Amino acid sequence: MGIQVQNISKSYHDIAAVKSITFEVKEGELFGLIGPDGAGKTTLFRILTTLLLANEGTATVAGFDVVKEYKSIRNVVGYMPGKFSLYQDLTVEENLNFFATIFGTTVEENYDIIKEIYVQIEPFKNRRAGKLSGGMKQKLALCCALIHKPKVLFLDEPTTGVDPVSRKEFWEMLKRLQQKGITILVSTPYMDEAALCDRIALIQKGSILKIDTPENIIKKYDKIIYDVQSNNTYQLIQDLKNYPSQYSVFAFGEYIHYIDKKSVFNPLELENYLKKNGHQDVVLKISKTTIEDVFMDLTKLNQ
Amino acid sequence: MSQEKIISVKNLSKKFGAFTAVNNISFEVYKGEIFGFLGANGAGKTTAMKMLIGISNPTSGEAKVAGFDVKTQSEMVKKSIGYMSQKFSMYDDLTIKENITFFGGIYGLSKIRIKEKTTQLIQELQLEEVADKLVGSLPLGWKQKLAFSVALLHEPKIVFLDEPTGGVDPITRRQFWEMIYAEAHKGTTVFVTTHYMDEAEYCDRVSIMVEGHIEALDTPKNLKQQYGVDSMNEVFLKLARNIE
Chain A
1 MGIQVQNISK SYHDIAAVKS ITFEVKEGEL FGLIGPDGAG KTTLFRILTT
51 LLLANEGTAT VAGFDVVKEY KSIRNVVGYM PGKFSLYQDL TVEENLNFFA
101 TIFGTTVEEN YDIIKEIYVQ IEPFKNRRAG KLSGGMKQKL ALCCALIHKP
151 KVLFLDEPTT GVDPVSRKEF WEMLKRLQQK GITILVSTPY MDEAALCDRI
201 ALIQKGSILK IDTPENIIKK YDKIIYDVQS NNTYQLIQDL KNYPSQYSVF
251 AFGEYIHYID KKSVFNPLEL ENYLKKNGHQ DVVLKISKTT IEDVFMDLTK
301 LNQ
Chain B
1001 MSQEKIISVK NLSKKFGAFT AVNNISFEVY KGEIFGFLGA NGAGKTTAMK
1051 MLIGISNPTS GEAKVAGFDV KTQSEMVKKS IGYMSQKFSM YDDLTIKENI
1101 TFFGGIYGLS KIRIKEKTTQ LIQELQLEEV ADKLVGSLPL GWKQKLAFSV
1151 ALLHEPKIVF LDEPTGGVDP ITRRQFWEMI YAEAHKGTTV FVTTHYMDEA
1201 EYCDRVSIMV EGHIEALDTP KNLKQQYGVD SMNEVFLKLA RNIE
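Top to bottom, those sequences are chains A and B. The numbering used here numbers the first residue of the first sequence as 1 and each following residue consecutively. The numbering used here numbers the first residue of the second sequence as 1001 and each following residue consecutively.
It is worth saying that the hints were derived from the structure and are not from the lab. It should be emphasised that the depicted structure is a prediction, and the values quoted were computed from it without experimental measurement. Only true hints are included.
Label pairs and their computed distance ranges (CB to CB):
#, chain 1, residue 1, chain 2, residue 2, range
1, B, 1031, A, 231, 13 to 21 angstroms
2, B, 1079, A, 56, 49 to 57 angstroms
3, B, 1222, A, 266, 30 to 38 angstroms
4, B, 1026, A, 133, 20 to 28 angstroms
5, B, 1079, A, 216, 50 to 58 angstroms
6, A, 302, B, 1059, 49 to 57 angstroms
Quick reminder that beta carbons are idealized off the backbone N, C-alpha and C, glycines included.
Excised from the complex, chain A in its bound form (with noise of 0.2 angstroms):
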């Protein structure tokens, strides 16, 4: 009954933003789309929020058509777009109240479950929305999408542009929605906000790349990938990408994450092309393997 996704393809003029997608959200699922800008992410949200008509396909949202029952959808579905797309000159108690009574209902009905959220921003509730700093905003949005208790909820990237704090406070909140039954479908450009959800559908370009629990993709991967760091990091990029069985190098954070082509690797050697070429400090290890190395990975294969 949560979300069911039957190779979906939509195309604008002749680019195909969505080619041929199919996944499951499990009823009670927290379940992420991770992708990049430009990836097809908002365009399968309008299509799963019966905003757009695909051009190939079926999809089902908890037990409805997006086609044929498009009314029933709107009614249990929350959406929360990527654009701020509330009342600017409205307050923000004005917002809530609007978005309650289009859905037929009261805040007062629904208040438990948007209590925990309402709260942050009560003290400013005679404020307008336009006013509100982005941190607000997105609490905001966030109760108006949950007003009328939906069962299915659709978050288009809630964290863009949101530094750490306010994105963990905001995954924290997103749990405790899960816990309280509602399915969720959250799309994110942060491939650290990954390892919180259940499941999730790496996409690039239309397609998906891997949909597994974030613990099996890590675990399913099977190149080594080092740590490397020397005093001089402008430098160590150039020289790891001259080194003859290179195959992939990226800067990650305060290391660079260095994989080789051959299957009988020696990091001595490597340490020593290093030194000849005067690094100093040079730091050489196993390193943890991440969804984001995963990702860039699929992503380099794909090309």
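For chain A, the structure is supplied; the task is to place chain B on it using the hints.
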């Protein structure tokens, strides 16, 4: 990195009515340095940056950018810096070539120079095939790489980057940072804001703003040591959380 100061800020403040957005900040940025300017949403980063690029007048204090006073010589400041942001970088409905010509003109480059720069830039970024296409049709990652090069057209001493990689795919994000490294290596100072904490690790030094003032400023290595954690993400969470 040399010790030549490209930015020097002394007791800089900005007030909007009773609200103090930037509260008495002081710091210096050196030639060829990659300086990360971090902070939570609403901490005052944008306000501080607006003063440094000469489009907002400080309430008190002073700042010199590329040798010019932001208060009294703001026009000279604007000519000496490059700027790009995530939100606005180029005109979507002009072609790539037209955007380069337009910004070259704005920065006062001669026609011959603009022509040379256009050819060079398009070649370097391997955009030959799309040079006459509208910028709006480019993938975000390409757009941002192009915008970075355009911000450097007039060879400024310092370039300000406001969340340049938001939403960009992970590979392009890294290619973007390789461009930053290469530019800093040539001696250009890079002043950058980001919400990606792995990118904070790529900076020579990082400042973290909390509620209008600079709460911490040091190399990523020293900051991690000081707060006894393994990543800049943890440093950030610790700083912003402690305040609340």
